[in-house]
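Participant: Heads up: the sequence lines are chains R and D, in that order. Heads up: the first sequence runs through residues 1 to 335, numbered per UniProt numbering. Heads up: the second sequence runs through residues 1 to 346, numbered per UniProt numbering.
Hints listed in this document are in silico derivations from the structure and should not be mistaken for laboratory results. Careful, some of the hints might be misleading.
Said to hold, decoys possible - Label pairs and their calculated CB-CB ranges:
#, chain 1, residue 1, chain 2, residue 2, range
1, D, Lys-108, R, Gly-171, 51 to 61 Å
2, R, Pro-164, D, Lys-108, 31 to 41 Å
3, D, Ile-176, R, Tyr-57, 49 to 59 Å
4, R, Gly-125, D, Pro-92, 42 to 52 Å
5, R, Tyr-65, D, Asp-290, 52 to 62 Å
6, D, Asp-290, R, Asp-153, 50 to 60 Å
Said to hold, decoys possible - Listed below are the simulated DSBU-like cross-link pairs for lysine-lysine, each with C-alpha atoms no more than 35 Å apart in a straight line:
#, chain 1, residue 1, chain 2, residue 2
7, D, Lys-246, R, Lys-152
8, R, Lys-279, D, Lys-246
9, R, Lys-152, R, Lys-53
Ideal Cβ placement from N, Cα and C applies to all residues, glycine included.
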Amino acid sequence: MLRVIVRRLLQLAVTLIALSALIFIWLRNLPGGPIEALLGERATPERRALLTKALGYDQPILVQYAKFMQRVLTGDFGNSIRTGDPVTEVIGRAFPATIELALVAMIIAIGLGVPLGYLAARHHGRLLDNLSIAGTLLGISIPIFFLGYLLKDVFTQNIHWFPPSGRLSTGVDNTEVTGFFVLDGLLTREFDATADALWHLILPAFTLATIPLAVIVRITRASVLDVLNEDYVRTAEAKGLRHRVIRGRHILRNALLPVVTTIGLQTGALLSGAVLTEKVYNWGGLGTLITDSISGGRDYPVLQTLILLAALVFVVVNLLVDLSYAFIDPRVRVR
Amino acid sequence: MSDPITRPGVAAPRDGADQPGTDERRPGMSERGIGLLGERKKARLDELARASADKGGVSLVRDAIRRLRRNPVAIVGASIVALFVLMAIFAPLLAPHDPAQRFDELTKNLTVDNIPGASSEFPLGSDPLGRDFFSRMIYGARQTLFVGVVATMIGLGLGVLIGAIAGAFGGWVDNILMRFTDVMLALPALLLAISLVAMASRSSQWTVIFAVAIVNLPIFARLLRGSMLAQRESDHVLAARALGVKQRNIVLRHMLPNAMTAVIVQATLTLSTAILEAASLSFLGLGDPDINRAEWGLMLGVDGQRYFEVRPELAYYPALAIIVVALGFTLLGEAMREAIDPKNRR
């Protein structure tokens with residue numbers, strides 16, 4: 001087991017280093033780079049050359065990369081070109097917002113998806129099953145930013161159930177401890193802030209949950225259907241075991257392995273979706289940061305760190321998912 | 001009767017061996033013998049092939065099509081796709097107006113908080129620039145199909161190339177190519193597309209197509225490689241190798257065609273995601289900047305978003321069109337996947 005973990009970690013490191021080199025070289029070859037963004041198109045060549053030198057962009061790309069890696073190892077990711085703040089700080093501010101949103105979306109997707117998929121399989125071929133199939137197909141076919149606008153229109157303009165945008169209402173005090181507003185409210189016992197943060201989270205989280213929810217329902221349904229046909233389920237039923245025991249110990253435990261894999265892979269959909277959802281709801285997380293860093297004159301240091309961070313999160317989550325098999329499925333442990 | 005060939009120590013009587021004077025004819029004889037043997041073998045093979053065909057064996061593809069035609073899901077999907085393609089082809093005949101023309105009777109009613117709605121001449125009203133929205137929707141089928149198909153084809157072409165090389169050679173070639181796709185797959189799809197679009201100095205329709213194509217490339221490569229590697233050890237490849245078929249022909253004529261079915265199914269599904277991804281890029285302001293281009297993703301992502309408060313129909317119609325078409329490709333793709341799945345063969 002330990003050997004597997006070490007090998008996977010090594011593979012992961014190689015992938016990330018290759019990715020960092022690719023992104024670094026690639027972003028630096030972007031036309032319309034940061035010099036233009038900072039000085040405007042009509043800057044004199046002298047000023048341009050001066051800034052290029054000051055930022056170190058005149059050196060060979062491999063030298064630049066080596067210096068970059070050297071600094072990264074000491075935890076220095078450079079400064080944002082737009083604001084001048086350290087990249088770690090800029091990203092650190094936006095990170096909790098996105099993670100909070102993605103976590104709640106994932107909780108919704110799993111919490112609704114697994115029971116729905118199970119019920120659909122149990123009602124195989126009947127109304128509930130067909131409805132859930134239709135729903136999942138619609139879920140993966142709808143552009144989620146459009147769904148976001150639709151939900152926003154219905155629930156904030158027509159019926160005022162939820163706030164239209166942002167993470168907190170104006171006038172609600174919260175003390176930032178971790179940057180996760182729901183958690184902060186609990187830690188500082190400002191429960192009205194927690195409630196307000198949750199209230200703001202519901203619409204964006206549901207929007208973001210659409211695709212993972214649809215995929216989880218489909219996979220759970222298919223997987224439960226497979227297991228339902230197994231002899232051991234029939235045996236369990238014939239033995240007269242209680243329904244709850246059959247469902248938990250015999251069906252779900254066996255059916256959930258593919259579902260867990262899917263949950264890992266859906267992290268990617270969540271990160272992609274966050275970029276779109278955050279724009280719809282003015283969320284101010286990593287997604288917003290990424291679009292701003294591109295449209296506001298390529299902010300390389302921020303961009304490359306963001307992309308690497310997204311890759312890191314995605315790869316690590318999938319590694320954890322693979323490792324979790326051992327806990328769910330004893331057969332994997334033996335090997 | 002004892003068989004001279006299998007009995008040790010007894011030489012098999014050869015043609016003309018006991019007839020002196022006919023020795024010079026032997027080479028010719030044996031050549032003809034082999035030729036005869038080849039003929040006989042061929043005839044026997046044909047016979048066997050005919051026999052198995054008579055038993056009702058049909059090719060995987062024909063069998064899949066037979067099942068597809070009985071599947072209502074496939075029919076619905078195929079109908080949507082067919083309708084969409086017809087609309088794209090006959091757009092100039094169907095659209096009442098030029099999609100790029102601005103009409104005075106529409107522009108004079110355009111204000112900050114008003115975009116003219118439906119009238120008898122303009123069935124869906126105006127777009128934010130005073131053009132006929134209905135005609136733009138119809139022409140949109142054409143551009144949307146173009147973006148989806150070209151992006152998918154490029155992704156498929158490059159993916160198949162990489163996957164086929166990896167799957168054909170295996171070993172270190174496979175290793176390097178697959179590490180490369182791993183790096184691409186380590187980035188969430190939209191983020192990869194965003195960084196690719198950011199690479200271009202100005203975004204254009206082609207940067208969008210290119211980005212969407214590259215995002216889907218590793219999926220095709222992985223799929224094809226897996227399927228080719230699985231075949232390397234299979235009986236029909238072993239048979240071909242034993243018959244002395246050249247390596248190149250084994251890969252191109254025996255392995256690739258068998259591996260392509262899965263790729264084609266995936267391409268059908270990719271058409272739907274490609275259209276959705278292009279729409280997402282437009283929404284993020286990284287799409288095609290050409291204001292005359294009528295493409296559903298662009299219409300939804302740019303005008304639909306900007307004028308949602310003023311006239312939500314500008315978002316509703318393109319969104320509906322995208323959803324229906326994406327659904328069509330997904331239904332068709334899913335049905336195809338089900339049809340070629342050997343588990344469902346009867």
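Participant: Now look at each hint and say whether the structure bears it out.
Facilitator: For each hint, the structure was consulted:
1. Remark: the range hint 51 to 61 Å for Lys-108 (chain D) to Gly-171 (chain R) is contradicted by a beta-carbon distance near 44 Å.
2. Between Pro-164 (chain R) and Lys-108 (chain D) the beta carbon distance is about 33 Å. The supplied range of 31 to 41 Å therefore holds.
3. Remark: the range hint 49 to 59 Å for Ile-176 (chain D) to Tyr-57 (chain R) is contradicted by a beta-carbon distance near 31 Å.
4. The beta-carbon spacing between Gly-125 (chain R) and Pro-92 (chain D), approximately 45 Å, falls within the hinted interval of 42 to 52 Å.
5. A hinted range of 52 to 62 Å is violated for the C-beta pair Tyr-65 (chain R) and Asp-290 (chain D), which are about 36 Å apart.
6. Against the hinted window of 50 to 60 Å, the Cβ-Cβ separation of Asp-290 (chain D) and Asp-153 (chain R) comes to about 28 Å, which falls outside the hint.
7. Taken as a hint, the Lys-246 (chain D) and Lys-152 (chain R) pair is broken in the structure, with Cα atoms around 62 Å apart against an allowance of 35 Å.
8. A hinted pair counts as satisfied when its Cα atoms are at most 35 Å apart, and Lys-279 (chain R) with Lys-246 (chain D) does not qualify at roughly 56 Å.
9. Of the supplied pair hints, the one linking Lys-152 (chain R) and Lys-53 (chain R) is violated, its CA atoms being roughly 47 Å apart against a limit of 35 Å.
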